[in-house]
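Chain residues, written in single-letter form:
Number of protein chains: 2
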Amino acid sequence: MGRGMSLEHDLNDSNAYYCSCERALIHKKPTPIQVVKVDYPERSAAKITEAYYKTPSTTDYNGIYRGRAIDFEAKETRQKTSFPFKSIHPHQIEHLKKVLQHGGIGFFIIRFTTLEETYLIDAGILIDMYYEGERKSISYMKVKEVGSLIRMGLTPRLCYLDNVDALYFKEEKSYGTKSKRGNGGCECITEATRSKGHQRNNR
Amino acid sequence: MGRGMSLEHDLNDSNAYYCSCERALIHKKPTPIQVVKVDYPERSAAKITEAYYKTPSTTDYNGIYRGRAIDFEAKETRQKTSFPFKSIHPHQIEHLKKVLQHGGIGFFIIRFTTLEETYLIDAGILIDMYYEGERKSISYMKVKEVGSLIRMGLTPRLCYLDNVDALYFKEEKSYGTKSKRGNGGCECITEATRSKGHQRNNR
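Note that the protein sequences, when read in sequence, are chains R and E. Take the first sequence: its position 200, counting from 1, is numbered 200 in this note's numbering, and each next residue is one higher. Take the second sequence: its position 16, counting from 1, is numbered 16 in this note's numbering, and each next residue is one higher.
Quick caveat, the hints were computed from the structure, so don't treat them as lab data. If a hint is listed, it holds; no wrong ones were tucked in.
Mimicking DSSO-like on lysine-lysine, the simulated pairs with C-alpha atoms at most 30 Å apart in a straight line are:
hint: 1; chain 1: E; residue 1: Lys37; chain 2: R; residue 2: Lys75
hint: 2; chain 1: E; residue 1: Lys28; chain 2: E; residue 2: Lys144
hint: 3; chain 1: E; residue 1: Lys47; chain 2: R; residue 2: Lys37
hint: 4; chain 1: E; residue 1: Lys98; chain 2: R; residue 2: Lys75
hint: 5; chain 1: E; residue 1: Lys29; chain 2: R; residue 2: Lys37
Next comes chain R alone, as it looks inside the complex (with noise of 0.2 Å):
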C-alpha cells in the first residue's frame, strides 16, 4: 500500500474524506507562489507568465479537529535509517512552536517512503531534538520510539486523525464512542476491516 502515491496526496485524500464526513475541517494551505508578471488577454483568464515559489513561513495544513485548532507539517524521505532535519524550514519550526503556546495541537507527519511507513510525532517533542546539540537528524529508531505509526487504510489512505485520538484527547471518549454516528461513520477502513465486512455479509 502505499506505493507510488506521495505522502501529500494521501492527506489530500483522506482530509478530503474527514471532511465529507464531518469529522474534522483540514486543509492543505496553496504553496506560496511570488507573482511577477500577468497577462490579461481579452475575453479569458488572466494568465500568470513570470513567477517564483516563496519559502514558507508557516506550515502546510490546518484546520480544526473537535473543536481544536489543528496545525502541522508533513515531509517524507527516501533514507532508511534517519530523517533529515535539513528538510524542515526553520520558519516551520518556528511557527509551531507558536501554534503549541497559543493552545493548538501541533505535530510532524514524517514518511519513510523506502519502509512505507508513516509516523505522527508531537511538534514539542521534535522541536526540542531540533534544538538540542548539534543533531542533524533524527533515527529512524527514536522516530519510531517517539513517534506513533499511522495506519494506512483503503479510506481514508492515512488514518491519522485515530493518532491524534490517542495522543491529543486521551482523557476524553473516543471519537467512534462520542460521534453521534457511533462507529463505523467516519472510521478507518482498511483491507482487515472490509475483508471482515465481507465475510459477514457472506454468511
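Based on these hints, arrange chain E on the given structure of chain R.
Relative to chain R, chain E alone:
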C-alpha cells in the same frame, strides 16, 4: 486614516503585530495558483512561466486566538449603501458553515472603502442572511446593526481582536486583564492614546 491602504494590507500588518506581541497567531493563506509550466534554468531558481489563479475553496485568513481556532474572510466594497453578496464565493460560505460546526470562531470583515469604515460580522448571522430569500446584498444600515465597527489604530491598523474579545469571549476576562503583560502589552494604539502618552511624557 486608511485612505489608499487596502484591507488586505491593513490585515496583514495587524496580524504581523498581533503575532509579534504574541496575542494571536493568524495568517493570510497564499492565493491558490494552478501552475502549468515551470522552467528550471541552470544555477537559478525555478521560474513559473504559465499559471492561473484558482477559485479559493476556503477563506483567506485563519489561525489561533486564545486557544480557539479562528477563520475569516475579508472583503471590501466601494458601494456606500450596501455590500453585494456576489463578492463572496459560495465555497467560502460553505467553508465558514463548517468552521462553526467544528467549534471554530468564524466571521467576515467588511470594509466600505468610500466611508472608511470596517465591520466585523459573525459568520452565522451573515450566512443566514445569504440564504434567506432572494437577497443579493446586505444594506449598510444592516451591517451597522448586526456587525461591530472595528477601531482603526496606528498599531495595529485594525484592532479587530478587540471586537473578537467582545463578541466571542464576553464571559471571560478581557485580553488586557488576563495577559501577564497587563494592559498596554499588545493593545491597540490609536492617535488618541498616543497623544495621551505624549501629554504624559511632556509633563
